[in-house]
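Novice: Sequences listed follow chains A and B, in order. Residues in the first sequence are numbered consecutively from 0, following numbering that gives the first Met the number 0. Residues in the second sequence are numbered consecutively from 0, following numbering that gives the first Met the number 0.
The set of hints was computed from the structure by calculation and includes no laboratory data. All C-beta atoms, glycine included, are put in the ideal place defined by N, C-alpha and C. It cannot be assumed that every hint is accurate.
What the hints assert, rightly or not - What follows is a set of in silico ranges between Cβ atoms, one per label pair, in the way DEER data are often shown:
| # | chain 1 | residue 1 | chain 2 | residue 2 | range |
| --- | --- | --- | --- | --- | --- |
| 1 | A | Gly287 | B | Lys74 | 52 to 58 Å |
| 2 | A | Asn76 | B | Asn210 | 32 to 38 Å |
| 3 | B | Glu185 | A | Pro55 | 35 to 41 Å |
| 4 | B | Ala54 | A | Asn76 | 43 to 49 Å |
| 5 | B | Glu185 | A | Thr177 | 48 to 54 Å |
| 6 | A | Gly73 | B | Pro112 | 30 to 36 Å |
| 7 | B | Ala24 | A | Lys57 | 31 to 37 Å |
| 8 | B | Lys274 | A | Arg49 | 36 to 42 Å |
| 9 | A | Thr211 | B | Lys74 | 35 to 41 Å |
| 10 | B | Lys74 | A | Ala117 | 37 to 43 Å |
| 11 | B | Gly264 | A | Glu53 | 39 to 45 Å |
| 12 | B | Glu175 | A | Arg49 | 21 to 27 Å |
Single-letter residue listing:
Protein chains: 2
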Amino acid sequence: MTRKRKNMTAKLNADFDAQLKKKAALVNNVLRRLLSEQKHIDKNLIKAIRYTLEAPGKRIRSAIVLWCCELIAGKINHNAKIAAAAVEMVHTYSLIHDDLPAMDNDDFRRGRPACHKAFGEATAVLAGDALLTLAFEILAKQIKDAAVAVKLISELAQAAGPAGMVAGQMADLHAENTKGSKKILEYIHTNKTAKMFQCAAAMGAVCGGANTSQYNRLCEYGLRLGLGFQIADDILDVCGKSPHLGKTAGKDAKAGKTTYPSVVGMKKSKLLAKKTTNQAIAALKPFGPKADILRNLATALLERKK
Amino acid sequence: MTRKRKNMTAKLNADFDAQLKKKAALVNNVLRRLLSEQKHIDKNLIKAIRYTLEAPGKRIRSAIVLWCCELIAGKINHNAKIAAAAVEMVHTYSLIHDDLPAMDNDDFRRGRPACHKAFGEATAVLAGDALLTLAFEILAKQIKDAAVAVKLISELAQAAGPAGMVAGQMADLHAENTKGSKKILEYIHTNKTAKMFQCAAAMGAVCGGANTSQYNRLCEYGLRLGLGFQIADDILDVCGKSPHLGKTAGKDAKAGKTTYPSVVGMKKSKLLAKKTTNQAIAALKPFGPKADILRNLATALLERKK
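This is chain A alone, in the form it adopts within the complex (with noise of 0.2 Å):
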């Protein structure tokens, strides 16, 4: 790469990452928000939820619920910021049912002690619980548009329930130990990870009036970028570094975990990471310039160190 060219990169990674940051500032506000007109959570309980969701997280899948909004609409509404909420609160939920003792039994998430070490396992549970039950209860209450918000909630327990994100957990687990296939690690990894992704984008596109042709396009693009972005995930648990991650490093080698480098190796992991990406690019083409935030997107994913 020349000089000029990598200047050029560096400049719109750091626009890239200044809009990310922004569309996070954003969801955690409305995050915020939610939380303290719900009156009556249980006192020990909200706690342990604050601590969890307003850890620092990324917000990825959040920023996809608002841009692909803005793509569609051309700004974003109030609908999609419920949306977003939303589907912050069942990836986090996820991630703390994830991180427990019976579970991936991790220590570490979002940079601090994982719920279940600040506050113990059975809160823990309850905290999860309580956090997929309040994205339900937000989208239903607080979008206006009745069909609108029935659509979204059908949308967010299909990707998460026992035919998506459920599924590829469960999945991971029995995984474990095992030799593993291509075909299991395309199954868990649809599943776990793709699937919020593709629902996150489908979500925006619902929000935001989409019509048949874009929203299948934005689904598309959110199922690739999924998939890219949990191969990514596999080798930079090999490669990165417990700091940068906010998690442990190297823990899914450790735990016998069936990922993408322990399957097809690291060379063609990164390969695949890069066709995949190529593919959430490619189901953009439609919606020209306009979309190039969400071209960023599945760049940034494939390079980040973190």
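Position chain B against the provided structure of chain A, taking the given hints into account.
Specialist: Structure of chain B alone, referenced to chain A:
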């Protein structure tokens, strides 16, 4: 009680039991159908879900949904069947998570080993998560009137979430091995149990197309019924036997739980259960004899041996 009166009471009880069994059979059929329609549930997960969901529960909460709809609409409609199934899914999820070692640590549920004993802790966490999510998915997908679907989702999420059932579970855990007070006890029972009973009645009312006054009466009935049920449950934990209960008797006392007998004594607990049941029955006054089945339910829950 005279012999004639005793015979009449026995006949009434047998009639009521038969009617409850009929409703349980209906709900079981709906649950089975809904699960068989979900083609993409992970194959290891579906075993654990079926094991717990299809275990012989009494289906009281779902019967409340059906009877309240029947009271208002004169018949059980499609929406009430879906709502009843959703309530049962949420109730079952709460039992699975409640029985976990980090929570109440119960090995025995619905007359068989608890989910985590039969399938391991990780699967139990995920089966609970799956059922909770699935409840919202079926409400969003199977109820055609979006406004009704949103109302039902809103009721269920509010009753089950961090200002409802989860709050009660949290307070219950925190009250362990403390002296406890009547105030804390009421908070736990209202949130942990009564709000889900209230929600079942409210969902039945919504499905039946109740007006505001009917809705409020049924909510009051459900709340009082749930409180009475929980006081009776506390009493049974002291006086009941495990094979009848389908769970471990004497467990609450052993775990240092805050219960009515432990805080106000057995005699006062029995009086309070009776009083609360009478309040539930009083709320049904405007409905006349049409609400007899709900009155019989209140009496049956007070007098139950399991």
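Novice: For every hint, state whether the structure bears it out.
Specialist: To see whether the hints hold, each was checked on the structure:
no.: 1; hint: Gly287(A) / Lys74(B): 52 to 58 Å; verdict: 55 Å, holds
no.: 2; hint: Asn76(A) / Asn210(B): 32 to 38 Å; verdict: 34 Å, holds
no.: 3; hint: Glu185(B) / Pro55(A): 35 to 41 Å; verdict: 39 Å, holds
no.: 4; hint: Ala54(B) / Asn76(A): 43 to 49 Å; verdict: 45 Å, holds
no.: 5; hint: Glu185(B) / Thr177(A): 48 to 54 Å; verdict: 50 Å, holds
no.: 6; hint: Gly73(A) / Pro112(B): 30 to 36 Å; verdict: 56 Å, violated
no.: 7; hint: Ala24(B) / Lys57(A): 31 to 37 Å; verdict: 49 Å, violated
no.: 8; hint: Lys274(B) / Arg49(A): 36 to 42 Å; verdict: 39 Å, holds
no.: 9; hint: Thr211(A) / Lys74(B): 35 to 41 Å; verdict: 37 Å, holds
no.: 10; hint: Lys74(B) / Ala117(A): 37 to 43 Å; verdict: 51 Å, violated
no.: 11; hint: Gly264(B) / Glu53(A): 39 to 45 Å; verdict: 44 Å, holds
no.: 12; hint: Glu175(B) / Arg49(A): 21 to 27 Å; verdict: 23 Å, holds
Comparing the model with each earlier hint shows violations of hints 6, 7, 10; every other hint is respected.
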